[in-house]
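Fit chain B to the known structure of chain A by using the hints.
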Amino acid sequence: MRQLLQGNYAVAEAVRLSRVQVVAAYPITPQTPIYERLSDMELEGKLTGVMMRTESEHSAMAACVAASLTGVRTFTATASQGLALMHEMLHFASGNRVPIVMCNVNRVIAVPWAFGSDQSDSLSQRDTGWLQLYCEDAQEALDTVIQAYRIAEQALFPVMVAIDGFFTSHFMEPIEIPDQQTVDAYLPPFSIPTRFNIEDPAFISSVVSPEQYMGYRERSFADMEKTRPIIREANREYQEIVGRGYGVVEPVDTDDADIVLVTSGAMTSTARVAIASLRAKGHKAGLLKIKAFRPFPTEEVQEALKNVSKVAVLDRNISLGKEGIFCHELKSALYPLPRRPMVSGYIAGICGADVSPEMIEDMVLETLKRDKPTDLPTWVRRETWLQQKQQ
Amino acid sequence: MAPAETAITEKEYMRSGHMGCPGCGLASTIRLVMKVLGEKTIVVMIPSCVGPISGNYPNSVFEVPCFHSAFEIAAPTAAGIANALKVQGRDDIIPVAFAGDGGTFDIGLQSLSGAADRNDNFLYICLDNEAYMNTGIQSSSSTPQDVWTMTTPGGREGKKKKFMQIIAAHRMPYAATASFGHPHDLMAKVKRAKEVKGTRFIHTLTPCPTGWRMPEDISARAAMLAVETKLFPLYEIIDGTEYRITHQPQGLPVSEYTKIQGRYRHFTEEHIARLQKEVDYEWAQLVARTKGIC
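Protein chains in written order, with the numbering used here: chain A, 1 to 391; chain B, 1001 to 1294.
If we strip away everything but chain A, and leave its shape as in the complex, we get (with noise of 0.2 Å):
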């Protein structure tokens, strides 16, 4: 079924269809409308779970991972204070490995006191051991909270997806619904085990000595590195039964490129614009989208840019003291490379400031006439960027 959505409620349509359990949350800048459209769905009895309307997010993730270990599907949302807030949820929920599905509605994060999108709230968040999806519009949002609770139950991982706050969680777009049948088909019914067996009983999260932790932490990681497969599958089988798919990285145009722009979440559509423009002006340019942040597709992102000689990194969050945190992944992953690509960061969009197709592709332009890399990154406004065009 076709509906006009925002992409809020698209997410609410997916948790409605993945049949979740137990859904604690708390109000939110960009993500409110989630909520809502969720206890909306309670009343009219199209929500199969129950609502706890906590009175924190901190609580919210809480909940999640005790419903979670009690082998319920749960779901939460939220957005920027309201995640950093859950940060020592958030290592709970992955230590734990429960397979709770998050929707982080991307929003800067205060002071200065502001909500426009930003993904520097989810990115701080990268070392909590939670899976990060970012998507680039609505029906992908749809489409991977579904695939999400496939990932992580069958991996045992949290898993974080992140949406543009506005730009997706509030723009309206023509929205696929799958029906229930469809997503029954692809989703089975929640099967972890309860971790509080009456018959069988367990102490769950118990002290454990360093030796025993440090093991623990390698598992984890090794754990950690099996979900790339199974992010893989899960993909590859919703492309099949539901029809539409997303790689951990979209490579265009990328084969015969000389210089490739590598974005992530909403403003991959503002990319593919100008990319198809520099294109159309004789240009070799070519776009990484980069879906999965963590794990970190190194091996996707070394193949897709292997051949090429120079890269952009769009960004929209900032790491003081360093640089864009994509394009500082990106390096990392590239560094095993013999023959490595020069990379420029741009810091673009901060907040929700304007990024136009025209602004990229000045980026991508000005990536083409550098013959030194630079480590610091290079910071493009609306309004500077208009003030060199007149001159």
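Heads up, some of the hints might be wrong.
FRET-style restraints, in silico, Cβ to Cβ [unchecked claim]:
# : chain 1 : residue 1 : chain 2 : residue 2 : range
1 : B       : Pro1022   : A       : Ser124    : 41 to 49 Å
2 : A       : Pro189    : B       : Glu1216   : 47 to 55 Å
3 : A       : Ala202    : B       : Met1019   : 14 to 22 Å
4 : A       : His91     : B       : Asn1119   : 24 to 32 Å
5 : B       : Asn1056   : A       : Pro189    : 31 to 39 Å
Simulated crosslink set (DSBU-like; lysine-lysine; CA at most 30 Å straight-line) [as the list claims (entries may be wrong)]:
#  : chain 1 : residue 1 : chain 2 : residue 2
6  : B       : Lys1197   : A       : Lys46
7  : A       : Lys322    : A       : Lys281
8  : B       : Lys1191   : B       : Lys1160
9  : B       : Lys1011   : B       : Lys1160
10 : A       : Lys372    : A       : Lys389
11 : B       : Lys1160   : A       : Lys46
It should be emphasised that the hints constitute simulated quantities derived from the structure, not laboratory data. Beta carbons are placed, not taken as given, at the ideal position from N, Cα and C, and that holds for glycine.
Frame of chain A, contents of chain B only:
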């Protein structure tokens, strides 16, 4: 004579060999609570003295499933389990959260309030030893005024939080105070709490020989004296409004309680007089509440 309904049964749900200090009031309290709750129980514990009592991997002191959750989330953890059990149709299993005074009065207050507001279906047992004892005797908002701790070496300035009034304000279906110095009263309350649906709260005073600076063989006596001096009266609150005193205290002078504890060693007659005055006032307030006067 112990009432038959709270006869202390032989069956244990807490194994011997816990790693708490000798004379630990928490351990004795948990043992009695578990005897009443029985096998269909899921224990949630958080960083507190329940940690060492529970044992390190691969040991467990509990005969039932147990989850070592995080410090400030005893209530939402138990609530999450309760809602999952509801979905699974397992209303016969009771989640119980054991948390210390720090995890309840301080860092866990917000999340307890949220769970109580939703009236999620679990039992919360606050094991109050009046300071952060697991980290080595630091003051909490449950530490009484003027009492010595490692972080209030000159005596605590603030007064002990009147926590049961906060609980009453949440209108929980069942709330009570209890003491292992009065084990039958404690067990009767756990039994009543077990039969009620919704968020239930029992505040237990659990003497700590290590932190209270007293011999390890007088914990039960200290617990009993706290009740008999009216310092820690035993009562129930139904729906946040109906108060019932469950044990008439002897009304011993508070000095009977303070003089056996090193943490009160520096108390002068003035200190004692002030404490006695407060205890008498609070008792009068409690009696008034049982009559619906305030």
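Quick rundown of the hints versus the structure:
no. : hint                               : verdict
1   : Pro1022(B) - Ser124(A): 41 to 49 Å : holds, 45 Å
2   : Pro189(A) - Glu1216(B): 47 to 55 Å : holds, 53 Å
3   : Ala202(A) - Met1019(B): 14 to 22 Å : holds, 18 Å
4   : His91(A) - Asn1119(B): 24 to 32 Å  : holds, 30 Å
5   : Asn1056(B) - Pro189(A): 31 to 39 Å : holds, 36 Å
6   : Lys1197(B) - Lys46(A)              : holds, 26 Å
7   : Lys322(A) - Lys281(A)              : violated, 34 Å
8   : Lys1191(B) - Lys1160(B)            : holds, 28 Å
9   : Lys1011(B) - Lys1160(B)            : violated, 36 Å
10  : Lys372(A) - Lys389(A)              : holds, 23 Å
11  : Lys1160(B) - Lys46(A)              : violated, 48 Å
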